[in-house]
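> So the chains spell out like this:
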Amino acid sequence: MTVTEILFWFLSALALFSALMVLVSKNPVHSVLWLIVVFFAITGHYILLNAQFLAIVNLIVYAGAIMVLFLFVIMLMNLSSNTEPQRNSLVRLAGVVAGGLLLVVMISAVRSAGEISHSTATMNEGDIGLIENLGKVLFTQYVVPFELSSVLFLSAMVGTVVIGKKE
Amino acid sequence: MIALLLILLPVIGGLILFFIKKESVAKVFALLIGLLTLVVALAGVYSNNASQLHYDVSWMPDLGSRFTLGLDGLSKMLGLLTAISLPIIIIATYKNTYANAGRFYALMFLCQAGMLGVFLSMDALLFYFFWELALIPAYFLCSTWGGEKRIQVTYKFFVYTFVGSLLMLIAIIFIYSKTPDHSFALQSFYHAKLSASQSQWMFWLFFIALAIKMPMFPLHTWQPDTYEQSATAITMLLSGVMVKMGVFGVIRWLLPIFPQASQSNSSIIITLSVIGMLYASLIAIRQDDMKRLIAYSSIAHVGLMCAVLFTNQQVGLQGVLVQMFNHGINIIGLWIVADAIEKQLGTRKFSELGGLAQKAPTLAILFVVLCLANIGLPLTNAFVGEFLMFNGLFMYSPVIAGIALIVIILSAVYTFSMIQKIFYGNTVAITENAHDSSFNINAALIILVIIVIVFGVYPQPMLELTQESVKLFITKIP
Amino acid sequence: MNAIIFSAVWGVVMMFCSFLIKNKSSFRHIAVVGLLLLLIVNVMDTNGVTIFKVDTHNMLSYSRFGLLFNSIAIASTLIYVLISGKDIERIGSYAAEYFVLIFFVLCGVAILSSYNNLLMLFLGIEILSIPLYILTGSDKRNLKSNEASLKYFLMGAFSTGLMLMGIALMYGGTGTFSLDVVRTETGLYKGVSFLEIIGLLFLMVSMCFKVSAAPFHFWAPDVYDGAPGVITSFMATIVKVAGFIAFLKLCFVRMTATSAAIDWQLLFAVIIIATLVFGNITAIFQQSVKRMLAYSSVAHAGFMLFALFSLNDFASKGLLMYSAAYSLATIGLFAVLVKMKDVTFEGYNGLAKTQPVLAATNAIFLFSLAGIPLTAGFMAKYYMLASVIATGSYTWLVVIAVLFAAISSYYYFRLIQAMYFKTGEPKTEVITGSFKVGLIAVAAIIIILGVMPQYIFTWLYF
Amino acid sequence: MNLVYLVPLFPLLGFLLNGIFRKSLSKSLVGLIGCGAILASFIISCILFFDVRSGGALPVQPLFDFINIPSLKIDFAFQVDQLSAIFLLIITGVGFLIHVYSTSYMHEEKEEHFARYFSYLNLFVFSMLLLVLGSNYVIMFMGWEGVGLCSYLLIGYWFKNDNYNYAANKAFIMNRIGDLGFLLGIFWMISKLGSASFGDVFTHTAQLSPTDITGITVLLFIGAMGKSAQIPLYTWLPDAMAGPTPVSALIHAATMVTAGIYMVARSNALYSLSAVAENLVAIVGIATALLAATIAIKQNDIKKVLAYSTVSQLGYMFLGLGVGAYTGAVFHVMTHAFFKALLFLGAGSVIHALHNQQDMRYMGGLKKYLPVTHITFLAACLAISGIPPFSGFFSKDEILAAAYAANPVYWVLGVIGAGMTAFYMFRLYATTFLGEFRGTEEQKNHLHESPLAITIPLLILAILSVIGGFVNVPAVFGGNASLHQFLSPVLTTENVKELDSSKDFMLMGISVAVAVIAIIIALAKYIKKPELNEPRGLGKVLANKWYVDEIYDALIVNPLSSLGSFFKNVIEKSGIDGFVNGVGTFIQYSSRRIRLVQNGKVGTYIMFMVFSILVLWLIFWNQADIINFFQKIF
Amino acid sequence: MPIQYYIILAAALFCIGVAGVLIRRNAIIVFMCIELMLNSVNLMLVAFSKMHYALGNVGNRNAPVNIGTDAQLFVFFIMVVAAAEVSVGLAIIVMMYRNVHSTDVNFLNRLKN
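Protein chains in written order, with the working numbering: chain A, 1 to 167; chain U, 1001 to 1478; chain G, 2001 to 2462; chain L, 3001 to 3634; chain F, 4001 to 4113.
No wet-lab data here; the hints were simulated from the structure. Where hints are given, some of them may not hold.
[Stated by the list, open to error] Restricting the straight-line Cα-Cα distance to at most 27 Å, the calculated cross-link-like pairs of lysine-lysine (DSS-like) are:
#1 Lys1349(U) - Lys3073(L)
#2 Lys1349(U) - Lys3601(L)
#3 Lys2022(G) - Lys166(A)
#4 Lys1156(U) - Lys3573(L)
#5 Lys3367(L) - Lys1359(U)
#6 Lys3601(L) - Lys4112(F)
#7 Lys1149(U) - Lys3601(L)
#8 Lys3023(L) - Lys1359(U)
#9 Lys1021(U) - Lys2422(G)
#10 Lys3568(L) - Lys1149(U)
#11 Lys2422(G) - Lys1022(U)
#12 Lys3601(L) - Lys26(A)
#13 Lys3160(L) - Lys1343(U)
#14 Lys2086(G) - Lys166(A)
#15 Lys3528(L) - Lys3367(L)
#16 Lys1021(U) - Lys2353(G)
#17 Lys3073(L) - Lys1471(U)
#18 Lys165(A) - Lys2022(G)
#19 Lys4112(F) - Lys2436(G)
#20 Lys2053(G) - Lys136(A)
#21 Lys1359(U) - Lys3027(L)
Extracted from the complex, chain A is given alone in its bound form (with noise of 0.2 Å):
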């Protein structure tokens, strides 16, 4: 049992154990705190995978800037475990047996998937994963995409205006 497999372990196991606590708790902010812990496990997912570049990334958008604008709007709307609408428990029974059924289909996919029977994802080495690879395939390959994402963040912040701005 390696320190790998343990830190591996460990952090499935909180992702898992938070990611249900997203789910279950009442308190739209304490789901957020514990959806940042999701993140904080991803991410150190991300180290062991030898993803410094996804992890560092992971750590400032997601668990930094985005969380933050959910926080935020949260709060600017002062919700509270007592604003929060509740469904009626069959429908979430209905919920969790819809999700069991999916994670049942894709395990079984997973257990069927012959090619990939015997093959890992190497954990602590292989360097692709460092800024350095990254940028130049990210400005060399994979420019057009990159180009076009402006695209896509300009549209976003226009949007933005036309539906946020007060009339």
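The hints should help you fit chains U, G, L and F onto chain A, whose structure is shown.
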């Protein structure tokens, strides 16, 4: 050239008519166009110049469909029928007034163009196009001018026939995919390679469309309502000509394409048709509404045609061919009388009529002659057709022929009781101060009666006209 | 490439116009100019004249088909802006921005018509969707619009999640995002990878969502109903068809490759039937024309799915035909719809009396949707049916489809009845002459395409 | 020279002229045209007759191709041989007299109706001539249906009276039932021989199997039943008395009803080959003869009595045909034409004198008022009763003799029938002419002999019916049976067994004796106290014609009409149309249900998406089974 | 680590996200669950990238170094898109909150049937 002209004239005339607001002008113009078309049709009948009778240009190259029109004996005859019927209808209904008449006549002509197209087209896709195009104007006509229940009734009529024609479209595409040279041309359709089961399926898909149009029992229920509700001028067009589209489709397309399938299904279709004949006749006996009675009698007549089509008897087919024309003529005449009575007295109910012969002797005489034609009395045009058809049916199966022949008794029953209830007996309140039919109606009826008698005494020309199609058809059948 | 870059650029240009130019109505004209130029550059591209030489590293690949589709999409957008530009301005106080977003959407369309990499597919879908979330909600004080945009956004995001999961699994299976996998690599990638199949399944679901195929269509009626009419006509036509084009490419490359292991036709048959049932049957009952059209667009998705069902020559041609026919007709119908004060069937009663031109053109559009011959709609349907029949199997599917087509005629002709045979006093906005001219032009195009369908394909061969 | 086509042409012209210009022509002109046309064709018929007499049957005269298609050729051709020549004479001759008679009888009618009447008459003669002249069964069928039509028109001549119209419809429809058989027979011929012309059919009988022949002949005979009013299709004839009396004379004596006889005689080549058909004909004939006779005994309407006597006489003719005495049948047709026309015209004269009083119970004692009518009528009665040497005696005797030869039972029944005939005829005679007048006073004042236009035809016919029998005096009386020899080329006599003269005399004696006895009874019974009160018991049944009409209504008419209304109201409305509309309603209903799925909640929508992903997965998992399943179905 | 573990972990997170979308009514939470789904995908992609990196280098050491980079870049793009989506989505939610003072996805239910 003639072929093209025959379709172009009504189309152009119709489009022009859309923009004619003044009723009187519209009528005159419509009559003019109708007569012109008739002239062209006659020219087609008498010309034997192939280059004149056929028209063929590239249309949808990548679909393998060409704009091919052709006038053979069959289409000559039906084209003539279509071309005759419209002027007669216009004359007969000349005194009727329609809300924006221009549009009315325009749609009539578009409908005529569609039907002519159906009869002339030698390309399956073109055939389907015209098949639908004849339907759309009819839809607008029926639901714009007519009785108060017209809209729902026409709705039913439209959806009913639309379902059928879409099924036919499937069959057409399927056969197309099986043609040797991937073309919609009639000839390559005749040579399509279909397996037995395929041709079974496609036969029914194809046939249902035609059966609905005819209409064949038990797919007929749209017909009486539509005929009853829509304005009589339209009814004339529908029952006089459009009904023939179904029969025509069987002769030109169905039988030659699916010889085996039509053989194997003949028994069931013939049985159904004969049942339909008796059924419709019995219902007609109990009708109190003149239009409905004529509608049901038409169902019975068409049922006979449909039955004979599948006997695969040359004699019978010959009979069907001439009967298509004659039935058109006769039924239009009956509708004209029905319209005259309704327009003058405001009712079609037998129970409210009577003794009209004293007030309108001319109408009575002409009507009686048409009725005699309707029951296929000798020396009227219908006799030849029915004689040949029953003959063919007898050759197919004496028993069935015997059963089917009961119809001639029943038809006599309802036709004569109709004459009696309307024209004979003493006058009643409504008919008390009725007057004889107006000149235009008499003119139209007299023309029809002359046709009835002439072709009744000397049918040979029409028989000769349709000879070649019969031969072609018979050669198709193994 | 021209179209992608130019549309993005012109979007930016219009952004600047929005605060440089005060006169609202001029935006429309700028947009029209932009679209014209866009069309021109795209046609140039089609003829091999590329302004920007960009090495896309096989991210994008251009085919006549895709470019031709671009032209169709751009042209329809042009027509759309021409006949209902005024109404776009009238949505809210951000006239220019709406056009900006429309241009960005076109950029997405251009990407989708030429993507060769799942990443580009993903980006294209997003560039297509995000502006639409906005446009759907652009009528801000209208709660329906809010609801529509919220629903659209949430479900759209969810389907994005599904799509990404699919892409991830496919990557796991094949090790690349590029569409054209070279399957003869060493060792592992022989035959069909199971992960790829699962991935494709997810991807298929999300694409079905985008093209509103049942049972993933539920967003469509609500969103189309809630969004401002003009926006709906844009979404329901150009955007949806773009989705189909993307889907078609995906099917052509990946699904044919994996068809050994999974019978896509069966799955598609199920989806098609579901779509036809939901779309047509539900449309019958609708009282609001707008909602009826929403459902009918679902129904038409069912017909377009035939192209994906039977991946052959007919299919691609037919999809082009269908996109043109369906887009034009729907745009025309919505253009009239937004002019109506009352968008229920009763609202249309007696339109033929008061507005003969509107009624007549509307009738032609409805004929086209119902698939009456001599209209483009018929040829479109024809190609679809023909494509299935050409596959040789599943003929019964065609029969079902045809029966539903007949049912669809039921509700289309209900509108015709209302316009022509019912009597009423329909209230409309002021109808300008140019608007009428525009409608007539659209109707004319529909007829021409219906009579001479090959004209649309002439682009394909020369 | 070819005159044949002229024979039908003249009446046709007469019909057209009178029909088209009926408003403008004056009565006298109309009468002139009407009678002239018939006279002209009568003259030509005589010429033709003598041609035939001298030179045998004329060649077939084709006018044009009626139907000429590869598989079937039917000429519009005329044929005059001995048989048709005789009938031509009868039709045109008697027809002419009746036309003349009508000019006076119908004189009260308004101009256009008068013209209408004559045009109908001419048309009738035309179609009758067509029937007789046709050289194939199809042309014959044309005339066949034509006479049916004309009888319809003439019976319904007074169309204001609905009973008359019903009678007319009944006549036509009954005839159509017969025509059905006729048509089937023709089709059978064509399907076997490919032709319907007499020449081909009679020369190629060898190609027909016995069943074919029996079938064809029986079917043709069904046609004859309708036309010649035999059981079970006879009921139209008595009702047909609704028409004007001359019409009754023309249609129901001289011509139309004899069409059946003509047709069977014409096809004797076929009938003589099928014993079944011959027996059928004979049995039906004798049965009809007896039934009609019984009914006639109890009728009070003068025309009804005559009508039933006609039916019964026709029965005799068919008996003759059935037993193979074709000549005898034709002979009886001729004599019957004379005396029955005479009877009707006489009755017409009586009715005319009494201003349309037809009920014998209000007549009586007309002897002194209408001397000519009385004399002629008496002659006719004697003739029909078969009292020698009146014409009826010879013809009837010939038939009976042949019947005896074939089967004595026929003969016995025939003699009984003859007795009844004599009885009811003299009942009629007595109640009408003898005793004293029972009508109203003012009728009595207006009683007077009819004008010449009526009496002259009566006299001519009377003479004919007296001497008409001598054209065919049988050998036993030293005659040379000239009609026999004349017709021998066309009518086979092979299966008529000759009786020796002594037995022949004996039979004649018996039949005459029976007739005489019946006459005496009748006279004795009815001169003094004609029955004025309603009959009872069997008499009532007879007076009500054995309730045959009622039975027909109960068995055929009502069931059919109720079936029709069942179809109309149940099957059509609820059944077929109900199903069609049901589909529509079902779709509407399902629409109302399915739309509820769209409940506007994002959660539900996504739930649906997820579950349908699972479903797709399952389908993919079991695709093989599903595919097989489908392949099983399609 | 065997790749299956990562896949199953990611799948589990993904399904938890789905379940969350299904069982929560607060639009923001629903949206967060969607973000969770995206992250699970990211994780899976990274795992796959390393897997393919490993597979690519089976046998030959001098394989192209950047096998698997495309997956990590894809993750990067997913984050980009997610950021854009979040801004738009939150804007929409806020707009709705302004109008109806609720973030309940079922609160607005005018569009149905």
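> Against each hint, give a clear statement of whether it holds in the structure.
Consistency of the hints with the structure:
1. With a CA separation close to 44 Å, the supplied pair Lys1349(U) and Lys3073(L) exceeds the 27 Å bound.
2. With a C-alpha separation of about 57 Å, the suggested pair Lys1349(U) and Lys3601(L) falls outside the 27 Å cut-off, and the hint is violated.
3. Between Lys2022(G) and Lys166(A), the direct Cα distance comes to roughly 19 Å. Compliance with the 27 Å bound is thereby established for this hinted pair.
4. Among the hinted pairs, Lys1156(U) with Lys3573(L) is consistent with the structure: their alpha-carbon atoms are about 15 Å apart, no more than 27 Å.
5. Distance check on the hinted pair: Lys3367(L) and Lys1359(U) sit about 44 Å apart at the alpha-carbon level, beyond 27 Å; violated.
6. For the hint linking Lys3601(L) to Lys4112(F), the alpha-carbon distance of about 8 Å falls within 27 Å, and the restraint holds.
7. A distance of roughly 41 Å separates the Cα atoms of Lys1149(U) and Lys3601(L); the hinted pair therefore is violated under the 27 Å criterion.
8. The suggested pairing of Lys3023(L) with Lys1359(U) holds, with an alpha-carbon distance near 14 Å, which does not exceed 27 Å.
9. Between Lys1021(U) and Lys2422(G), the direct Cα distance comes to roughly 21 Å. Compliance with the 27 Å bound is thereby established for this hinted pair.
10. This hinted pair checks out: Lys3568(L) and Lys1149(U) have alpha carbons roughly 19 Å apart, not beyond 27 Å.
11. Proximity of Lys2422(G) to Lys1022(U) is assessed by CA-CA distance (about 24 Å); at most 27 Å being required, the pair is judged to hold.
12. For the proposed pair Lys3601(L) and Lys26(A), the alpha carbon gap of about 21 Å is at most 27 Å, so the pair holds.
13. Annotation: proposed proximity of Lys3160(L) to Lys1343(U) holds, straight-line Cα distance about 24 Å (limit 27 Å).
14. Of the pairs offered as hints, the one joining Lys2086(G) and Lys166(A) holds, with about 23 Å between alpha carbons and a cut-off of 27 Å not exceeded.
15. A C-alpha spacing of about 15 Å is found between Lys3528(L) and Lys3367(L), which places the hinted pair at or below 27 Å, so the restraint holds.
16. Annotation: proposed proximity of Lys1021(U) to Lys2353(G) holds, straight-line Cα distance about 14 Å (limit 27 Å).
17. Restraint check for Lys3073(L) and Lys1471(U): satisfied, since their Cα atoms lie roughly 16 Å apart, inside the 27 Å limit.
18. As the CA atoms of Lys165(A) and Lys2022(G) are separated by approximately 18 Å, the hinted pair is consistent with the 27 Å bound.
19. Under the criterion of a C-alpha separation no larger than 27 Å, the hint pairing Lys4112(F) with Lys2436(G) is inconsistent with the structure, at around 33 Å.
20. Proposed proximity of Lys2053(G) and Lys136(A) is supported: the alpha carbons are some 21 Å apart, at most 27 Å.
21. For the hint pairing Lys1359(U) with Lys3027(L), the CA-to-CA distance comes to about 22 Å; that is within 27 Å, so the pair holds.
Consistency note: the structure conflicts with the earlier hints numbered 1, 2, 5, 7, 19.
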